[in-house]
Amino acid sequence: MVKFERKPVTDIGIDETLNRIDESKIKRAIDWVLKREASARLKSFVETCMRCGMCTDSCHHYLAHEGDPTYAPAAKVKQTIWDILNKKGNVSKDEIKKYARIAFSECNLCRRCVQFCPFGIDIAYLISLVRRICCLIGAVPQYIQDQALSHMQTTNMLWFRQDEWLDTVQWLEDELRAEVKNARIPLGKKDAEVLYLAHGLEAKYMTGLLTNMAKIMNVAKIDWTMPDCDGWDYTNKAFYAQDHETLQKVVRTHYEVAFKLNVKRIVMGECGHAYRTGIYEGTRLMGWKENPIPYLHGVEFFYELLKSGKIKISQKIKEPVTLQDPCNIIRYRGLGEKLRYIVNTLCENFIEMTPKDDHNYCCSAGGGMIDAGPPWKMARIEGGRIKAEQIRDTGAKIVIAPCHTCHKGIEDLNDYYKLGVHVKFLTDMIAEQMEIPEEMRA
Amino acid sequence: MFNWDWETKEKLVCDVSEYNDKFCLVHEFIVSPDGEKIAAVVEIEDKRVTPCINGKTWDDTFERVCFLRLITDGSVACLVLKNYEWTMAKDEVLLDETFDYAWNLQFSKDASCVAFNVKKGDSYGVCVNGKVWDNLFFDARDLFIAPDGSKTACYVRTKNPQLLDIFSFKEGVWTVAVNGIAWDKNFISVYGLTFSSQGRAAATARLSQQEFTVAVDGNLWNEIFPNAWEPVFVNESDICVPVKTEKGWSLVLNGKPLWNKYFVQLWHQTVSPDGKKIAAVVSPEFGKWTVAVDGVAWTRTFSQAVLPPQFSPDGKKVASVVRENNLWTVAVDGVAWNEGFERVWTPQFSPDGSHIVAKAERQGVFFIVLDGKIGKDVFDMLWEPVFSPDGEKILVRCIKNGKYYRKILSIGEILR
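Taken in sequence, the protein lines are chains A and B. Quick note: the first sequence uses the UniProt record's numbering, first residue 1, plus one each step. Quick note: the second sequence uses the UniProt record's numbering, first residue 1, plus one each step.
Worth flagging that the hints you see were computed from the coordinates, not collected in a lab. All figures in this text were calculated on a predicted structure; none of them were measured in a lab. We put the CB at the ideal spot given by N, CA and C, even for glycine. Treat the hints loosely; a few may be bogus.
Chain B stretches covered by chain A per the calculated footprint, using a threshold of three residues with CB under 8 angstroms from any CB of chain A [as the list claims (entries may be wrong)]:
1) 143-154
2) 188-202
3) 292-302
4) 388-400
Chain A regions said to be covered by chain B (calculated; three or more residues, Cβ under 8 angstroms) [claimed, not checked]:
5) 60-72
6) 130-144
7) 323-330
8) 359-372
9) 376-386
10) 391-399
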């Protein structure tokens, strides 16, 4: 057996929590998850796995660590949930620390491995169970825990006060007026067709992205609004901690705001995990098999706008461009074709990565790894070497990443591996490349 | 409502089609409950805005006008930004006090209380009838007004740990403040705040990851649940709340089981006007949604959505807006209307419960649906129809061909 060897990393969310808790809390958390929450899937997966190793080469962490078998998907399961099962839940604080490290920093829940398993075993689900146990113990990376704590009350990821949200949107509207005549960002408008939800970061650090979405909405003449209350932030970082209680509250808030405003549908921007929670994992936890109302990812919305002619592109990008397929919207949800329609509309020289589409590699930032913050940055940078090589091999100068997590993750890979690329959101590209009718110009 | 004009058959209140020529930009219209007024924020010139009510603008203009409200006593109120300071304007009169920010303007049904959230410096609270709470907080979110207007409340943050100080946040920094007085216990989260008719306050308090209970005027129930949604007062002494149990979601009363039925999901419990029945949105089976009355679910289920149930005034009937096959409709006592729509708004029962009316939309036009039958008229814009106190007539507030009308139609006239 190869030894599990890692560089020491300190994360007070895990280490300090474990110092503070009574060890009996571990057994209680495990019993709760295994006896009350884990479905028949756990039993069937554990009993079905033949240890064939077909999943091994599918994982970017395994490949990036020169074939260290402790990074293989099945090995990560063996070293965590199977270990817990074998020990009947009688595990130590040190073991929880190891499980947390594997679950939060060595698996992106990207589900690439599922496609290579002859039995379709959902390893992401098994790792999620480990995270859930850690969550109930409280042993969650500090940066993720902080965001989940914020979501619990504010439903946004960054402790934003209500006035901060409203004030920000109002000055963004003022800024947009410099470019688009009479531009509006309606807040709390009842009976609009579209309720647009934003990424928390777009209200603070990436306001240009929100302005660009508002610009697109105005030029396309969409009858839209954003919330004038909590529920405007589509992110759901509780998902990373598998904090189901908060996760459900956040998803429910989004739909309740939509019902209250009587909109026809919800549109969100470019994000993977929020789509995963808002469309399937979060809704299903609450009992919805179908979505109560349509909830569109930015890719689906932009596809509609371009296909219908509501937005026309005036100039295409000539530089070589490649595309990151975010796992949560492509592998999980099949938006690859629509995404490629948009990319081909915007770019003349589109070069696919290899592999691509639903077999694309994770950016190594997803599933909460980037949200786990500075302590775990090198873990994702190391795991991202495969993505960096994929990008370099295309020779592209621009990487389109229609997901906040992929976007930031690839920016970090770009810096570390010196790829020399620019990472772009579709929102920014469309806002920059679309036709603005003369009468709408300020 | 009893003093409303139920006799004038049709009144052209305002030709709003002229607005587009008169103003640079017109924000969304709102109408008064009695239909006598239509208002919108209008832009006189770039970034100079003011309210416009029935075609008449206020004399003063502002950098911003938000939360425009037509109050039940006939007054018009809004929050305005003037000279880069926020305040409230009511019937063109501005409060003397200004704020760094003001939002969420609300009023009680009897209009005795007009309140909004405020920021002053780095502190947060509520301004009630022109007077700011004596105590302000690190944050104050949302706003609740007691039915009689005697109390206001918010979720407030009483401690201010540094970002990333997760251990302090886990000890709880949030609580409820009523009239500016914070409860003496903090929680990691508190939500679902509601007032009884006599001003008692209740909310769901989250004590830890999986410890949820109900706090009533700051006092916690003894019972703890692994999850809970929002509480509702059944009467002055009884509170019910959906909680998660080992068997599923169920309803408890004052912490003890009320419904011996368990569901995949349960929320939006609603008490009948006489306080004798409780209806709630439930999911009896994964992917299936319906309404349960006193724990008994309708046989008919819906796959996409069921919105909060509405009792008829006599408490005998229950209706909900429901969604299936991507169409909205209304279900009454478990029977769905035959017609489906792109959108349906909250329905209203007639006072004797014999009729139910709703606003609906198809292909960009709006109409009235009465007892499941589509009304003869179509409208460019329509607000929810309202029954007269005797149930004989319906108030229709609508825009047709650019003109805002207030109409009083008999039930027969809606469908004829």
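Against the structure, the hints:
no. : hint    : in the structure
1   : 143-154 : violated (count 0)
2   : 188-202 : holds (count 4)
3   : 292-302 : violated (count 0)
4   : 388-400 : violated (count 0)
5   : 60-72   : violated (count 0)
6   : 130-144 : holds (count 5)
7   : 323-330 : violated (count 0)
8   : 359-372 : violated (count 0)
9   : 376-386 : violated (count 0)
10  : 391-399 : violated (count 0)
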